[in-house]
Amino acid sequence: MNKTPDRFEPPVPPHHTAGPGLDLQAVLRADSVPPPATLLERSDYVMPVVPIPTARYTDPAYHELEVKHMWSRVWQCAAWSFDMPNPGDTIVYRNVGQSVVLVRQHDGSIKAFENSCPHRGIELCASDSNIHHIRCPYHAFTWSIEGDCRWIPTEWDFPQFDRNNLPLRQVRCETWNGFVFVNFDDNAKPLLDYMGKMVEQWECWDFTTSRYRAVTAIVKCKTNWKSGMDAFLETMHVTATHPQAIQFAADTASQYDVWPDEPHFSRFHSMTGFVSDNSLDPLAEQDGFDLFTGMYLPESFGTPDGDLLPGETIRDGIARLTRQTYKERMNIDTTNVSEAELVDGNEYLLFPNFVLWPSWSNPIFYRFRPGNGPDESIWEISLFVPYEGERPPSGPIIELPEGGKLADLPGFEYLGFLLDQDVANFPQIQNGMKANRSGVLNLARYSDQRIRHYHETLERYIQGTI
Amino acid sequence: MAYQVTLLPSGFTFEAEAGERLSAAALRHGIRWPRVCGGVSECGVCYGEVVGGLADDPPAPAERLLLQRVPAATVMEGEIRLACQVCVNRDMEVYRFGVRTPKQAPADSQ
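Protein sequence lines correspond, in order, to chains A and B.
For the first sequence, our numbering puts the final residue at 466, and the numbers step up evenly by one.
For the second sequence, our numbering puts the final residue at 1110, and the numbers step up evenly by one.
Check the hints yourself; a few may be wrong.
Here are a few chain B residues that face chain A, going by a calculated C-beta distance under 10 angstroms [as the list claims (entries may be wrong)]: (1) Y1003; (2) P1009; (3) F1014; (4) H1029; (5) R1032; (6) V1045; (7) V1051; (8) G1053; (9) L1054; (10) R1064; (11) M1076; (12) F1097; (13) G1098; (14) R1100.
Partner residues aside, some chain B positions facing chain A, computed with beta carbon under 7 angstroms [said to hold, decoys possible]: (15) F1012; (16) P1034; (17) P1061; (18) L1065; (19) R1069.
Simulated from the structure, these hints should not be mistaken for lab results.
All of these numbers come straight from a predicted model, not from anything done at the bench.
In this text, a Cβ means the ideal position worked out from N, Cα and C, and glycines have one as well.
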């Protein structure tokens, strides 16, 4: 019995030495439905190639620097405002030792309060709820939901407190696109200034009228929060980490945009519907399409729907089936949605950890927060699903048990499989970072530049130059 | 000695020599089986669900590790294996989307 496989060396595709062969902008311009103008922009700015110290991912001292100089001064996403629609609805947001309680006000606005009793310091609110007052669970100090003090127990015993002048301390809080952000720096510039170019780049997508939070998972990760971020900032990892996707993902032809003087924003655009340059065989279009239907829409495989029509490319076929599926399953008409939004992956990062995809095929939002020290992180990932008509209520928030799979959670389905593949890398990344005796990571000039971009911003916070 | 392999859901059948690797036999019969690494248990792309006829042939460590990462859900309560590694030692039934048999290949296929 011959147990030796028929080994041979795959040839090196030509673009591996010459750069991408597929022109993303040309594809987008040729698509049947034109994309928003912002997707037809490309930044020519490329970050300088500098090594990244591994200590930033592994050293508890660096974690402390991040806490002291960065997390204390940045806008961080604390909630999705539609999860707290009614007056008195509260959401508790905690990160690196900070705790705030967000409260929907009677006038419809949202306030964020320091979640700490001025008396003995206990957190005033332990979890998300709906309340009439903010009442301390320890000794019953009571405030209105607007933050005005209503009652002090044994008031005669607190000469230092004046009930008429003991408001809850507020934390800066602003809303964009339905997301609630907080900033622990009272002198921070407004959120929209902080976002910079991302505001105009995002203008064509309004999640407050088009998407609802269908399901959320909370995943405890055994890796630094930045490694978690890094796993999704480029598509170079597709060939090794998501091998099943390379016959319909243009993983080597993605566009990575960073702009000078835009420290908080970067994005990528990754195309679907082309056989990757990393694929061994020069596949027929139909083969790539079969891989897609086999994985995402198995009911179409081998049916007339699953055969490319004369003249159709894989990209055309995927767009056709995606439109058909949205119509059949959700009665949503996508006739006017561009292929670039419908089938591609487009990812927008707001420093430090807010990541939102306008993409219809990967409709995700997530944030990574540090755990206790540099070796742990908490990943919250939600599906923001398109809807028409009345907004459906937000779906469940599910904490993934240790060793659990996202693929097993209702709603995540195939996307869960993909994300599980990324999570599988995490512990090995953290171990490998520590095993790296050179002490540096050597990032790709173009594909990895968004990683260098946020590192540069992070360093500027730590050095105090931003 | 040759055995018969049946591909599902197409029902297409072909013969494999005893001990021959599944993908090698498939390629020999002009079947296009997705792969990237060329059959050396590195990419994981060639996975399939062996529904019947799996002989005593447990996966080697490299295949086992790779199978943990391939997002292949079993559809028919079979066992997910890599076609480049699993050997045909009995008549075998394999379930796998995205495998093009010569009969199915459209005229414009390469």
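Check the structure against each numbered hint from earlier and tell me which ones fail, lowest number first. As far as the earlier hints go, 1, 3, 4, 7, 8, 9, 10, 11, 15, 17, 18 are violated by this structure, in ascending order.
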